[in-house]
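A.B. asks: Chain residues, written in single-letter form:
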Amino acid sequence: MARKGDVVINIEKCKGCEVCLSACPEQVLALSNEVNAKGYHYAVKVNSNCIGCANCAVVCPDAVITVYREKPARKK
Amino acid sequence: MSESNIINPENLVYDKTSVMTDRVLHYCPGCGHGTAHRMLAEAIDDLGIQGDTIGVAPVGCSVLAYYYFDVDMQQAAHGRAPAVATGIKRTMPEKYVFTYQGDGDLAAIGTAETIHACNRGENILIVFINNGIYGMTGGQMAPTTLEGMKSSTSPRGRDIQSMGNPLKITELVAQLPGTYYVTRHSVQKPANARKAKRALKKALEYQKENKGTCLVEIVANCPSGWKMTPAQSNQWMEENMFPFYPLGDIKVPSE
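Line by line, the protein sequences give chains A and B. Position 16 (the first sequence) corresponds to 16 in our numbering; numbering is contiguous. Position 238 (the second sequence) corresponds to 238 in our numbering; numbering is contiguous.
Here chain A stands alone, though its shape is the one from the complex:
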């Protein structure tokens, strides 16, 4: 099973450009209905399928995404 990951999005810096949405292989991200202080619909996590591949963070022009991934299980 693929390792699980998670993303943390800095919503105040997000400009809602949607570039991360198409980069995600698991369709984890979507745009929110709410807007941030600048008036942009920001990216949010909509499910827990994240595998921590960091594709979204690599293409984010504003570097708002931080990615975490669990460590591989130790071989016994």
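Any given hint might turn out to be false.
Mimicking DSSO-like on lysine-lysine, the simulated pairs with C-alpha atoms at most 27 Å apart in a straight line are [said to hold, decoys possible]:
no.: 1; chain 1: B; residue 1: K95; chain 2: B; residue 2: K202
no.: 2; chain 1: A; residue 1: K71; chain 2: B; residue 2: K195
no.: 3; chain 1: B; residue 1: K202; chain 2: B; residue 2: K189
no.: 4; chain 1: B; residue 1: K189; chain 2: B; residue 2: K168
no.: 5; chain 1: B; residue 1: K16; chain 2: A; residue 2: K4
no.: 6; chain 1: B; residue 1: K16; chain 2: A; residue 2: K13
no.: 7; chain 1: B; residue 1: K189; chain 2: A; residue 2: K45
no.: 8; chain 1: A; residue 1: K45; chain 2: A; residue 2: K13
no.: 9; chain 1: A; residue 1: K4; chain 2: B; residue 2: K195
no.: 10; chain 1: A; residue 1: K38; chain 2: B; residue 2: K227
no.: 11; chain 1: B; residue 1: K208; chain 2: B; residue 2: K95
no.: 12; chain 1: A; residue 1: K71; chain 2: B; residue 2: K16
no.: 13; chain 1: B; residue 1: K189; chain 2: B; residue 2: K95
no.: 14; chain 1: B; residue 1: K189; chain 2: B; residue 2: K16
no.: 15; chain 1: B; residue 1: K150; chain 2: B; residue 2: K211
no.: 16; chain 1: B; residue 1: K227; chain 2: A; residue 2: K13
no.: 17; chain 1: B; residue 1: K189; chain 2: B; residue 2: K227
no.: 18; chain 1: B; residue 1: K150; chain 2: B; residue 2: K208
no.: 19; chain 1: B; residue 1: K227; chain 2: B; residue 2: K208
no.: 20; chain 1: B; residue 1: K201; chain 2: B; residue 2: K16
no.: 21; chain 1: A; residue 1: K45; chain 2: B; residue 2: K16
no.: 22; chain 1: A; residue 1: K13; chain 2: B; residue 2: K195
no.: 23; chain 1: B; residue 1: K150; chain 2: B; residue 2: K202
no.: 24; chain 1: B; residue 1: K95; chain 2: B; residue 2: K201
no.: 25; chain 1: B; residue 1: K195; chain 2: B; residue 2: K208
no.: 26; chain 1: A; residue 1: K71; chain 2: A; residue 2: K4
no.: 27; chain 1: B; residue 1: K202; chain 2: B; residue 2: K168
no.: 28; chain 1: A; residue 1: K45; chain 2: A; residue 2: K4
no.: 29; chain 1: B; residue 1: K189; chain 2: A; residue 2: K38
no.: 30; chain 1: B; residue 1: K195; chain 2: B; residue 2: K168
no.: 31; chain 1: B; residue 1: K150; chain 2: B; residue 2: K227
no.: 32; chain 1: B; residue 1: K208; chain 2: A; residue 2: K38
no.: 33; chain 1: B; residue 1: K168; chain 2: B; residue 2: K150
no.: 34; chain 1: B; residue 1: K189; chain 2: A; residue 2: K71
no.: 35; chain 1: B; residue 1: K16; chain 2: B; residue 2: K202
no.: 36; chain 1: B; residue 1: K251; chain 2: B; residue 2: K168
no.: 37; chain 1: A; residue 1: K13; chain 2: B; residue 2: K189
no.: 38; chain 1: B; residue 1: K189; chain 2: A; residue 2: K4
Simulated from the structure, these hints should not be mistaken for lab results.
Add chain B to chain A, keeping to what the hints say.
C.D. replies: For chain B alone, coordinates are given in the frame of chain A:
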């Protein structure tokens, strides 16, 4: 493992590099400049040369690049970044010197400086962001604007008869003996962005060996100038820019 356990410093796989400052970028949503900045910053971070790098910012949208790179920066007059970088590199040959220029800066007003710096084989890295338009001033036609491409000064599309041919300056400087590594990349998809970062890293490594000028072109989008959404602009770029500006190495060192 529950989700709350995953968000933990020891599981961190990707975070903004410390070579970029925390300042919010002024670029439009979806602009390729942000990703291009970060790929260059990550290449500097990976090589551990943050304290030995000097950048030269151009005139154009990326004129404020000195706010975003946490390295020593100098801002040059329009198009003159390679000349300024030449001076910096010659007085401090042990430093890593890069210029970061758009197409209006590098391929229009700065053509002479670009060609002569490349012909002299100055040991600098030129990062060339090509979006085929003058983004900052309102989307006017640039030398790199494609045939038939609409801009605010070519509202019916670029007409070759009256406006001339688009300029492939990257192929042009690859002919010069002074250039060592000339390549073209993009940053709109994760794989492309990672390749661009590898190319930038390689170019900085060649600079250490004093091999000659390295030029890395990054074909980028300009959603505001092209009057498209970021997703549409990336698709338009893949369909129209890439056939004319094909990605890949143009001049590689013969090993």
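A.B. asks: Is the straight-line distance between the alpha-carbon of A:K45 and that of A:K13 27 Å or less?
C.D. replies: 16 Å, holds
A.B. asks: Between B:K201 and B:K16, does the CA-CA distance stay at or below 27 Å?
C.D. replies: 17 Å, holds
A.B. asks: Are the Cα atoms of B:K16 and A:K13 separated by 27 Å or less?
C.D. replies: 13 Å, holds
A.B. asks: For the pair supplied as a hint, B:K168 and B:K150, confirm whether the alpha-carbon distance does not exceed 27 Å.
C.D. replies: Holds, at roughly 18 Å.
A.B. asks: Under the criterion that the straight-line Cα-Cα distance not exceed 27 Å, is the pair A:K71, B:K16 satisfied?
C.D. replies: Within the cut-off at roughly 20 Å; holds.
A.B. asks: Compare the distance between the alpha carbons of B:K150 and B:K227 with 27 Å, and conclude whether the hinted pair is satisfied.
C.D. replies: 10 Å, holds
A.B. asks: Is B:K189 within 27 Å of B:K168, Cα to Cα?
C.D. replies: Judged against 27 Å, a Cα distance of about 23 Å means the pair holds.
A.B. asks: Are A:K13 and B:K195 close enough, with their CA atoms no more than 27 Å apart?
C.D. replies: Answer holds: A:K13 to B:K195 is near 26 Å, not above 27 Å.
A.B. asks: Assess, step by step, whether the Cα of B:K195 is no farther than 27 Å from the Cα of B:K168, and give holds or violated.
C.D. replies: 21 Å, holds
A.B. asks: For the pair supplied as a hint, A:K45 and A:K4, confirm whether the alpha-carbon distance does not exceed 27 Å.
C.D. replies: 14 Å, holds
A.B. asks: Given the hint that B:K227 pairs with B:K208, does the C-alpha gap stay at or below 27 Å?
C.D. replies: It is violated: about 41 Å lies between the C-alpha atoms, which goes past 27 Å.
A.B. asks: Check the hint pairing B:K189 with A:K45 against an upper bound of 27 Å on the C-alpha distance.
C.D. replies: 20 Å, holds
When each numbered hint is compared with the structure, violations occur for hints 13, 15, 18, 19, 23 and 32.
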